[in-house]
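Chemist: Chain C is already provided as a structure; the job is to place chain S on it using the hints.
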Amino acid sequence: MPTSQLALNSFLGKPIGDICGNHYANDADNHCAHFVSHIMGYQFGVTCLTMFRGKSPGANIRVQEIFPRCPTVGTWDSKPQDMTTCLVFITNASNVDLAKKVMSNVPRKHIGIFQTGLIYHYSNTQHRVVQQTPEQFSHHYAAPDNAMFYGSLP
Amino acid sequence: MRRMWILASVLAAASCGASSQDKAGGTDARHEVRVAHQPPSAKDVIDAVIASGNVPLSVSPTCNNVGTEPSDSTIGRYLAGFMAELSSPDKKNWIETQVESGTSAKGEPVSICRLTLRHLDGDDRWGWGVQFHVRKSDGLVLADSFTCTGAG
Numbered sequence: 003m004p005t006s007q008l009a010l011n012s013f014l015g016k017p018i019g020d021i022c023g024n025h026y027a028n029d030a031d032n033h034c035a036h037f038v039s040h041i042m043g044y045q046f047g048v049t050c051l052t053m054f055r056g057k058s059p060g061a062n063i064r065v066q067e068i069f070p071r072c073p074t075v076g077t078w079d080s081k082p083q084d085m086t087t088c089l090v091f092i093t094n095a096s097n098v099d100l101a102k103k104v105m106s107n108v109p110r111k112h113i114g115i116f117q118t119g120l121i122y123h124y125s126n127t128q129h130r131v132v133q134q135t136p137e138q139f140s141h142h143y144a145a146p147d148n149a150m151f152y153g154s155l156p
Numbered sequence: 039m040r041r042m043w044i045l046a047s048v049l050a051a052a053s054c055g056a057s058s059q060d061k062a063g064g065t066d067a068r069h070e071v072r073v074a075h076q077p078p079s080a081k082d083v084i085d086a087v088i089a090s091g092n093v094p095l096s097v098s099p100t101c102n103n104v105g106t107e108p109s110d111s112t113i114g115r116y117l118a119g120f121m122a123e124l125s126s127p128d129k130k131n132w133i134e135t136q137v138e139s140g141t142s143a144k145g146e147p148v149s150i151c152r153l154t155l156r157h158l159d160g161d162d163r164w165g166w167g168v169q170f171h172v173r174k175s176d177g178l179v180l181a182d183s184f185t186c187t188g189a190g
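Protein chains in written order, with our numbering: chain C, 3 to 156; chain S, 39 to 190.
This is chain C alone, in the form it adopts within the complex (with noise of 0.2 Å):
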């Protein structure tokens, strides 16, 4: 898992094309959860190649299927401060059950990598990866869809 920001800073500005081997690409489809997963090996669940025919690893394409993954999660306020890298999710918080780790498949959430004060994610809107401060992500979507959590990587 390539989870060093050396790492993480080479897939800065590249298109979803460019990563999924797979070729599911379609710019009218969300990518943020295809995009950690194709970063971090995810290929449980429902993956790229269950939707498009291809030869490479399947990844990951659901955040709530993610979200129940991690070993830990909680509000992005309780992350642990020794917790340097872990997956960042924003969404309206009454689409989350912390204590049953289940997150429902609402239309506007969205996945990220935060890795030592910043955070890796697909912009839908730009189709490449981008890097924010969890400031600059807490305005991904507008109130009360932008409650931020945090996932101990599965």
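Please keep in mind that the hints were generated in silico from the structure rather than gathered at the bench. Glycine included, C-beta positions come from ideal geometry on N, C-alpha and C. Worth double-checking, as some hints may not be accurate.
Unchecked claim - Simulated pairs of lysine to aspartate or glutamate, EDC-like, Cα-Cα distance not exceeding 16 Å:
id, chain 1, residue 1, chain 2, residue 2
1, C, K103, C, D84
2, C, K102, S, E70
3, S, K174, S, E146
4, S, K129, S, E107
5, S, K81, S, E146
6, C, K103, S, E107
7, S, K130, S, D159
8, S, K130, S, D161
9, S, K130, C, D20
As the list claims (entries may be wrong) - Quick look at which bits of chain S chain C covers, simulated, 3 or more residues with Cβ under 8 Å:
id, stretch
10, 106-118
11, 138-149
Modeler: The following block gives chain S in isolation, referenced to the frame of chain C:
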């Protein structure tokens, strides 16, 4: 306005189109759906999905937790959750259909049909829907062929 159009489409398709019948005879209450044309038209695909609304989400692992609410248990309820998100008149929404030839798990020639509800509003961008098979020999929608499509 767009919402009204979608609603009108749903009602129109439900009232006249794919034939569906509950198989009579004792305890067999299977609900068979057949398309009106071969290969299925876009209208036929939408009609078939509406008529298959009672197909349980347990039909495929791809449908696990796809509903916008944890209690959603059918294809109809799953799609209704996303259709309800198409309510803003100043956002871009559309229905996408695709049909291609293929083979069923049993080796029968089928039309592979896909319906996708799409929404585009900046990073609020998604396409959720279903894929299913229509048997070419008689136009039967194969209820156990449903899978749930979409990412995000």
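Chemist: Please flag the earlier hints that this structure goes against, numbers listed from lowest up.
Modeler: 1, 2, 4, 5, 9 and 11
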